[in-house]
Amino acid sequence: MARADDVDRFYDLLATLQRRVGGPRKLKHCTGYVDWPDRGVYFFLEPGETHGDSDQHRVTRIGTHAVSAGSSTTLWDRLKQHSGTGDGSAAHPHGGNHRGSVYRKRVGEALVERHALHDDYPSWDDRWAGIDRDRGAVRDEEYPLERWVSAYVRDQPFLWVAVDDEPAPTSDRAYLEQNAIALLSNVGGSTIDSRPDHWLGHHSRSPEIRASGLWNVNHVEATYDPAFLDRFERAVGATTPP
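Note that UniProt numbering numbers the sequence shown so that position 229 is 229, with each residue one more than the last.
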């Protein structure tokens with residue numbers, strides 16, 4: 001029962017965080033003009049799904065940024081990559097670049113699998129280096145799916161904690177991200193918060209996503225350090241509304 005208790009504590013802290021920042025946000029309502037913390041960890045929440053019998057939305061993806069030494073990527077930089085382009089993009093408004101966001105790539109893959117769209121998007125899994133066709137033509141071809149992915153991601157509530165440490169693989173942000181994923185992953189352990197049949201992740205090509213119940217691949221098979229919850233609690237207490 002230790003993991004179940006730790007999951008409960010995690011969600012209690014998430015509820016405290018939600019109160020501190022005035023509730024979750026949605027990317028469709030966010031801009032870079034908000035006073036986001038420079039660095040942090042974010043938690044996307046699944047609409048319509050909750051933790052246990054509570055009213056706290058279930059976490060569906062966990063991420064951070066700038067974990068390579070010297071990286072200058074900010075929290076908003078990473079969130080914007082997931083969000084995609086706005087209505088000011090002349091060529092592809094409300095589209096995006098799934099080759100710059102693994103989250104977008106995975107959601108797009110699952111949509112292709114669910115709706116049998118393989119012939120419509122043959123290059124979705126390919127990196128630019130492996131594509132011989134004109135990039136502009138590929139972007140035009142993929143634009144409808146990029147819009148679909150944007151609509152999906154931009155409508156997901158999310159929360160974040162501010163953790164202003166230097167970019168490094170051993171940063172507190174990396175530590176929190178890795179351990180939160182390991183705690184909430186259902187790989188190799190008892191299932192907590194089973195995913196309903198309509199969860200899009202069931203159609204993922206990644207067995208890690210299907211088994212873990214998270215839109216994460218890395219760290220889903222890891223063992224978590226229960227002490228990370230104390231560090232998470234301190235981060236929640238240091239996070240203020242933007």
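Be aware that a few hints might be false.
Pairs of lysine-lysine, DSBU-like flavour, derived with a Cα cap of 30 Å [what the hints assert, rightly or not]:
#1 LYS28 <-> LYS80
#2 LYS105 <-> LYS28
#3 LYS105 <-> LYS26
#4 LYS105 <-> LYS80
#5 LYS80 <-> LYS26
Taking CB as the label site, the calculated pair distances span [what the hints assert, rightly or not]:
#6 SER190 <-> PRO47: 16 to 26 Å
#7 ALA151 <-> SER123: 34 to 44 Å
#8 ARG9 <-> ARG135: 19 to 29 Å
#9 ALA91 <-> ARG231: 18 to 28 Å
Hints were generated in silico from the structure; no laboratory data involved.
From a predicted model like this one, the values you see are computed outputs, not experimental measurements.
Where is the CB? At the ideal position from N, CA and C, for every residue including glycine.
How the hints compare with the structure:
{"no.": "1", "hint": "LYS28 <-> LYS80", "verdict": "holds (10 Å)"}
{"no.": "2", "hint": "LYS105 <-> LYS28", "verdict": "holds (19 Å)"}
{"no.": "3", "hint": "LYS105 <-> LYS26", "verdict": "holds (19 Å)"}
{"no.": "4", "hint": "LYS105 <-> LYS80", "verdict": "holds (14 Å)"}
{"no.": "5", "hint": "LYS80 <-> LYS26", "verdict": "holds (12 Å)"}
{"no.": "6", "hint": "SER190 <-> PRO47: 16 to 26 Å", "verdict": "holds (25 Å)"}
{"no.": "7", "hint": "ALA151 <-> SER123: 34 to 44 Å", "verdict": "violated (21 Å)"}
{"no.": "8", "hint": "ARG9 <-> ARG135: 19 to 29 Å", "verdict": "violated (47 Å)"}
{"no.": "9", "hint": "ALA91 <-> ARG231: 18 to 28 Å", "verdict": "violated (43 Å)"}
Figure legend: structure checked against the earlier numbered hints; hints not met, in rising order: 7, 8, 9.
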